[in-house]
Amino acid sequence: MSTGPHRVAVLVYDGVKLLDVAGPAEVFGEANLLGADYRIALVSTTGTDVTSSIGMRIAVDGSAVTQPDPDTFLIPGGDVYPKTPVTRELAETARDLAARAGRVASVCSGAFVLGATGLLDGRRATTHWKITGELAARHPKAHVEPDAIYVRDGTVYTSAGVTAGIDLALALVEEDHGSDISRQVARSLVVYLHRAGGQSQFSAPLQGPPARSPALRRVVDLVTADPAGSYSLAEMAGRLNVSTRHLTRLFREELGTTPARYVESIRFDIAKSLLDQGYTATQTASMAGFPSYESLRRVFARELSISPAAYQRRFATARREQAG
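Per our numbering, the sequence shown starts with residue 67, numbered consecutively.
Worth flagging that the hints you see were computed from the coordinates, not collected in a lab. Since the model is a prediction, treat every value here as computed from it, not as a measurement. Take the hints with a grain of salt, since some may be wrong.
For lysine to any residue, the following SDA-like pairs were computed, each having C-alpha atoms within a straight-line distance of at most 20 angstroms [what the hints assert, rightly or not]:
1) Lys196 - Val152
2) Lys207 - Ala157
3) Lys207 - Trp195
4) Lys149 - Leu84
5) Lys149 - Gly184
6) Lys207 - Arg189
7) Lys149 - Arg204
8) Lys207 - Asp187
9) Lys196 - Leu84
10) Lys149 - Ser119
11) Lys207 - His194
12) Lys207 - Arg161
13) Lys149 - Gly199
14) Lys149 - Trp195
15) Lys196 - Pro151
16) Lys207 - Asp219
17) Lys196 - Pro206
18) Lys207 - Gly184
19) Lys196 - His209
20) Lys196 - Pro148
21) Lys149 - Thr198
22) Lys149 - Ala203
23) Lys149 - Pro206
24) Lys149 - Gly81
25) Lys149 - Gly121
26) Lys149 - Asp80
27) Lys207 - Pro151
28) Lys149 - Lys196
29) Lys196 - Val146
30) Lys207 - Gly220
31) Lys207 - Pro148
Pair by pair, the computed Cβ-Cβ distance ranges are [unchecked claim]:
32) Ala367 - Glu155: 50 to 58 angstroms
33) Thr132 - Gly168: 16 to 24 angstroms
34) Ser371 - Asp135: 45 to 53 angstroms
35) Ser279 - Asp246: 28 to 36 angstroms
36) Lys207 - Asp80: 27 to 35 angstroms
37) Ser296 - Thr117: 45 to 53 angstroms
38) Thr132 - Arg315: 56 to 64 angstroms
39) Asp103 - Asp145: 29 to 37 angstroms
40) Glu360 - Ser119: 46 to 54 angstroms
Beta carbons are placed, not taken as given, at the ideal position from N, Cα and C, and that holds for glycine.
Generate coordinates for the entire structure from the input sequences, incorporating the hints supplied.
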């Protein structure tokens, strides 16, 4: 567990996506309210302010060379990449910060900036699913994983689009301060706690139709923020002050499923990610909120026609083949 100040340098540039900057910054800021001490500095290549992809000005704290060595160096994405080549100036600035940092991370198309520095050569990496093919084509020495939320290879982290930067930041907070603080931050921000890196970019709540009613959206937020919590039909209905019959009808009409099956679908999604990360099936069942290993096994048998252990072996085999 980390103690003392932790310097985070965020390299911004014209065209940077504002949410790629603000999302991780909010995670670090929320962690500070719980006892962490992240010191965030926004830097640019020349020390001048930049304009985001939506036209908003972003004030910076100075140039990269004027900042002390960062513990974490973060490069957010932007619509400008991969539409245009990464400039030499930006790549050199990123290379300098990376060389001085304890760890390096990118959000979305920020991976193209890391690629331009050579940092992705021989490493596993990811980016937004729409541009993973382009990343692989531009940087053939990198092992691009097209459907991961974030990937860690040594001290280099890359993540998928937009909100995946929040998942990555939560993982960094957990690495620094443990799972309790990370869990509290996720709950406060009402996001997944936290989606493990190997999990698909297409999570269960995104694959189905969106909830329309405020009551149902609140249930969805609660479950996605803490999938291992207790969510019986009666408990969920009680939190919303509605009848169990009414809640069941809302789930059926808006999401095309039952409350229990919806909760199970999120837990199944989380379980796959935990197995991908190397947790045992028994550990996975507990962490993902399944009442027992047997209940986890039944869901895998129904959805994938294989056991959790077989799924884990298949994933590990695919990883070895890709790395080779």
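message: Name the hints, by number, that the structure is in violation of.
response: Violated hints: none; all satisfied.
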